[in-house]
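Asks: Chain by chain, the residues:
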Amino acid sequence: MPLGIIGKKIGMTQVYGENGNVLPVTAVLVGPCQVLEIKTSEKNGYSAVKLGYLEKTKNVNKPENGYFEAISKAADKKITPKKMLKEFRTENISLNIGDVINADMFQEGESVDVVATSKGKGFQGVIKRYHFAGGPAAHGSKFHRKPGSIGAHTFPAKVWKGQKMPGHMGCETVQIKNLKIVKIDNENSLILVKGAIPGPAKGIVYLYKKEK
Amino acid sequence: MGINAGQLIHNIEEQYKIRDINFGIGNTVKVFTKIIEGKRERIQIFEGTVIAIQGKDSNKTFKVRKMVGNIGVERNFPLQSRNIQKIEVVKIGKVRRSKLYFLRDRIGKKTQLETVMK
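Protein sequences appear in the order of chains A and B. Quick note on the working numbering: the first sequence kicks off at 1 and runs consecutively. Quick note on the working numbering: the second sequence kicks off at 1 and runs consecutively.
One chain only, chain B, in its complex shape (with noise of 0.2 Å):
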């Protein structure tokens, strides 16, 4: 009897897919994401630029980075977290390569992609 295990492992993370990826690499996007505070609950929202986009399935991971002042801010997120309301594409940057990690060396104006659509 053959079984398929990555086939079967598949299968179970499809039934956990809530949303298909809706941005790419390089694209300034805006993750709205709830946040429980005691009992209340708030959306906050992260806006940066997709630096990275990783893994597979229901473990695929997206990587936001934006600069708090001179401070570059990077947040890892599931795609398919169950915290994350919605994600807005703001515009839609120049990019060449899949990692942006370049980003990082970069300070001031020129962390700034070259838009190619708003």
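Extracted from the complex, chain A is given alone in its bound form (with noise of 0.2 Å):
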């Protein structure tokens, strides 16, 4: 995958498009991102940069400060804590440690993919998690909103694996492929996407450059 950038959802809205068309948009904050690794196929047996994103101030543990200690003095110069880690595989990486990466790195009219973990829904039954028809209302049905059959008798004996029943809904990582960028405020550091993005409004959520 190549290289990307962390951020977060603001929430949507809408804006003018050139021609005077109404684009819905989900604006993201992104970055700013630093640098803190840059791994290579000959020495991790991949070829990868981890980007640090948001400070950590507050309850920086020993392990973490040593971590940040030891890239700031790899990298001659002072690397502060990070919540935020994120690894993003990547050939013919050209940034060193310690650089900052920022919105200014998409252009608009970029497609890019975007990959965030959408709103939980709980436990749910068949017809919201799969999209089953369940049955009639009224009239005498008997059968509203059940999975029905899930499966045969004698043969095969058991429920097939992968079988759809109810359960926990939402709360996954999703991807989403070609979304066109609108605008790029590099002064705010705001991205807008076209189309939706998932999860909640502060969520975090990753920009994937498209490879050429």
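Hint data in this document are derived by calculation from the structure and do not stem from the laboratory. Be careful, since some hints might not be right.
Said to hold, decoys possible - Subject to a maximum C-alpha distance of 27 Å in a straight line, what follows is the list of computed DSS-like cross-link-like pairs (lysine-lysine):
#, chain 1, residue 1, chain 2, residue 2
1, B, Lys30, B, Lys56
2, A, Lys83, A, Lys43
3, A, Lys194, A, Lys177
4, A, Lys128, A, Lys177
5, A, Lys194, B, Lys60
6, A, Lys180, B, Lys60
7, B, Lys34, A, Lys183
8, A, Lys177, A, Lys210
9, B, Lys60, A, Lys183
10, A, Lys58, A, Lys78
11, B, Lys17, A, Lys8
12, B, Lys34, A, Lys194
13, A, Lys202, B, Lys56
14, A, Lys202, B, Lys60
15, A, Lys56, A, Lys78
16, A, Lys194, B, Lys56
17, B, Lys17, A, Lys194
18, A, Lys183, B, Lys17
19, B, Lys56, A, Lys183
20, B, Lys56, A, Lys8
21, A, Lys164, A, Lys128
22, A, Lys210, A, Lys50
23, A, Lys202, B, Lys17
24, A, Lys180, B, Lys56
25, A, Lys180, B, Lys17
26, B, Lys94, B, Lys60
These two chains come separately, so use the hints to put the complex back together.
Replies: Quick look at the structure:
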């Protein structure tokens, strides 16, 4: 996967495009992210960039402090502890430890892949979870929102694995591909992405740059 | 780090603001909209009574109602729409509520509001 950036979802609104058409957009507050580590295929078996997001001032424990001291020493500059650490698998790295990545890594009109954790829905039935049709509400029907048959009888004498049943829904990592960047506000490090992004407002999102 | 999501969204919407509202509920307005027919562009005028204003910032819309013969026609316009060239107030009607949906039940001369100012 290519290089990306970490941000926070702000919420959705409408803006006007070039032709005066209304675009539904999600605002994402991104970065600044600092490069903490660079992994190479020779040394680590794969190549990646580890980014840190949000300053951590409180409750920095000794191992964490030691880690950031070590990378500060390696980079020969002070790198403060970060709350969120995330590795981005990428080839051809032209970054150094301590570099700061901002919203300007993207351009307007570019497509991005967005990864975020969807909103948790709790324990849900099959109608909401898998879009089962359900039964009639009235006319003497006793079959309303049940899943129905979950398999045959003597053969196979078991329930097949992967049978769709009620259970926990949401709170999953979801990737949305090819969302267009409508606007970039470098001053406030805001990115407006066309369409919806999974998860709640103020949730953490990852924007991935598309590899050409 | 606390972020005020509502304020940030408001700031974004402010950037797309191109006009202030220059009319109110019950006003008879002329809305000049750009219409593209193939390559040609022309202006269409929609004249009627403003019966509702809803939403905020760049999502604000207003509803204009007019009578074509015996049939009522309503049209929603986004206030910040790029296709609206201008909005002209023709007259100001006397109203006592913010949504004039009661006009939908009226026919003939009763659809006209008492004019305050021309």
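Asks: Look at each hint and say if it fits the structure.
Replies: Comparing the hints with the structure gives:
This hinted pair checks out: B/Lys30 and B/Lys56 have alpha carbons roughly 22 Å apart, not beyond 27 Å. For the hint pairing A/Lys83 with A/Lys43, the CA-to-CA distance comes to about 26 Å; that is within 27 Å, so the pair holds. For the suggested pair A/Lys194 and A/Lys177, the alpha carbons sit about 11 Å apart, so the restraint of at most 27 Å is met. Taking the CA atoms of A/Lys128 and A/Lys177, the gap is near 24 Å; set against the 27 Å cutoff, the hint holds.
Restraint check for A/Lys194 and B/Lys60: the C-alpha separation of about 20 Å stays at or below 27 Å, so the hint holds. With a C-alpha separation of about 25 Å, the suggested pairing of A/Lys180 with B/Lys60 holds against the 27 Å cut-off. At most 27 Å may separate the alpha-carbon atoms for a hinted pair to count; B/Lys34 and A/Lys183 meet this at roughly 25 Å. Between A/Lys177 and A/Lys210 the CA atoms are separated by roughly 9 Å; this keeps the pair inside 27 Å, and the hint holds.
Of the pairs offered as hints, the one joining B/Lys60 and A/Lys183 holds, with about 21 Å between alpha carbons and a cut-off of 27 Å not exceeded. For the proposed pair A/Lys58 and A/Lys78, the alpha carbon gap of about 17 Å is at most 27 Å, so the pair holds. This hinted pair checks out: B/Lys17 and A/Lys8 have alpha carbons roughly 25 Å apart, not beyond 27 Å. Distance check on the hinted pair: B/Lys34 and A/Lys194 sit about 25 Å apart at the alpha-carbon level, within 27 Å; holds.
The straight-line distance between the Cα atoms of A/Lys202 and B/Lys56 is roughly 22 Å, inside the 27 Å bound, and the hint therefore holds. For the given pair, A/Lys202 sits about 25 Å from B/Lys60 by alpha-carbon distance, which is consistent with the 27 Å threshold. At most 27 Å may separate the alpha-carbon atoms for a hinted pair to count; A/Lys56 and A/Lys78 meet this at roughly 14 Å. Annotation: proposed proximity of A/Lys194 to B/Lys56 holds, straight-line Cα distance about 20 Å (limit 27 Å).
Straight-line distance between C-alpha atoms of B/Lys17 and A/Lys194 comes to about 19 Å, which keeps the hinted pair within the 27 Å bound. As the CA atoms of A/Lys183 and B/Lys17 are separated by approximately 15 Å, the hinted pair is consistent with the 27 Å bound. A C-alpha spacing of about 21 Å is found between B/Lys56 and A/Lys183, which places the hinted pair at or below 27 Å, so the restraint holds. With a C-alpha separation of about 24 Å, the suggested pair B/Lys56 and A/Lys8 falls inside the 27 Å cut-off, and the hint holds.
A C-alpha spacing of about 12 Å is found between A/Lys164 and A/Lys128, which places the hinted pair at or below 27 Å, so the restraint holds. Only pairs whose Cα atoms come within 27 Å are accepted, and A/Lys210 paired with A/Lys50 is accepted, the gap being roughly 18 Å. A distance of roughly 25 Å separates the Cα atoms of A/Lys202 and B/Lys17; the hinted pair therefore holds under the 27 Å criterion. For the proposed pair A/Lys180 and B/Lys56, the alpha carbon gap of about 25 Å is at most 27 Å, so the pair holds.
The hinted pair formed by A/Lys180 and B/Lys17 meets the criterion: a straight-line CA distance of about 22 Å does not exceed 27 Å. Distance restraint check for B/Lys94 and B/Lys60: the Cα-Cα separation of roughly 23 Å lies within the 27 Å cut-off, and the hinted pair is therefore satisfied.
Of the numbered hints given earlier, the model fails none.
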